[in-house]
Structure formats: structure tokens, C-alpha cells
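Chemist: Sequence:
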Amino acid sequence: MKKLDIRVILFQLAGMVFLMHGVLQLRFYTVAEEIICVVTFFQDKKSECWNRLFPGMKNNVSFWPDVYIWIFIGLLIGILLISFLNWKNKLCPLNTILVSTIIYILLRLKFFIKSTLSHLLSSFGDLFSNDFKTQCLINGVTFTFIGIIILYTSVNQNLFNFRKILVTN
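In terms of this note's numbering, the sequence shown has 56 at position 49, counting the first letter as 1, and numbering is strictly consecutive.
It is worth saying that the hints were derived from the structure and are not from the lab.
No false leads were mixed into what you were given.
Pairs of lysine-lysine residues, derived as BS3-like cross-links and limited to a Cα-Cα distance of at most 30 Å, are as follows:
no., residue 1, residue 2
1, Lys97, Lys10
2, Lys117, Lys140
3, Lys140, Lys121
Model the full assembly from the supplied sequences, consistent with the hints where possible.
Modeler: Shown next as C-alpha cells:
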């Protein structure tokens with residue numbers, strides 16, 4: 008078992024942020040029409056789209072919690088991936104526990120909902136499309152893929168021994 012490695016923890020934290028943001032953006036993609044209706048017609052609850060998409064009060068009340076639960080699904084996917092990668096590469100289990108704890112604290116502080124970083128990441132899709140649904144799809148696929156790559160490469164020790172590789176060559 009290898010010792011606790013701060014660089015691995017930092018890379019895994021970054022990977023988790025990208026992965027969870029990507030999963031949330033993919034969820035936004037699946038409910039883009041409802042989000043547009045809620046944002047546009049929140050005050051006018053008698054509009055055609057509001058009546059069509061939210062026929063009962065129960066649908067309206069449970070809409071945002073149903074959307075944001077996907078942050079936790081992204082968290083679970085990330086923790087399982089980190090646990091597997093750390094176990095496979097014989098890294099300290101404390102790495103997984105620390106990353107999970109820090110990400111959970113960020114969740115409790117509403118980092119993924121109100122954060123400037125999340126808004127910055129969400130604006131990435133603006134470069135490619137003006138359509139909200141397309142932006143969410145681009146953001147979701149891109150950031151989920153980037154998060155998985157960062158998590159996978161975080162346990163690759165050759166990335167962290169760059170100076171040793173240069174000296175030996």
C-alpha cells in the first residue's frame with residue numbers, strides 16, 4: 008500500500024468537479040424544455056408551456072430537487088471510480104475518503120449550484136451554440152469525459168514523475 012499522496016488527491020478533486028458538473032449538465036439536457044419554461048414563465052403560471060409541462064402542483068414542487076439529485080449520482084459514480092482506481096493501483100484508501108469528504112463539504116456549501124466555477128464551466132457551451140439544450144449536451148459530454156480522464160490519469164504515477172523521466176533520458 009502506497010502512502011497518502013496530496014497530488015493524487017488534488018487531481019481527483021479536479022476530476023470529481025468536472026465529472027459531477029458534466030453529469031448535472033447531462034441532466035439539464037434531458038429537462039431543458041422544462042428549465043426554459045420555468046425560467047421564462049415563473050411569474051406567469053397560466054402560460055401554455057407551464058400548463059403542458061407542469062399540469063399538477065406536485066410536478067412543479069418536485070422539479071428542482073429531481074434535477075439536482077443528479078449531483079449526488081455524479082458523486083456516487085465518481086467515488087466508485089476513484090475507489091476502483093485507487094484499489095487497482097494500490098493507493099492509500101485514505102485518498103478516497105479525503106476526496107469524498109471534501110466533495111461532500113463542497114456539496115453542502117452549494118458549490119455546484121451557486122459557484123462561479125460552475126457558471127464559468129457552463130459558459131463553455133456558449134462557444135458552440137445559442138440553444139440551451141445543445142449547450143447542456145456539449146457541456147455534459149465534454150466535462151464528463153474530461154472528469155473521467157482526469158480521474159484515470161490521477162493514479163498514473165508516470166505523470167507525477169516528469170522530472171525523473173527527463174533526467175533519465
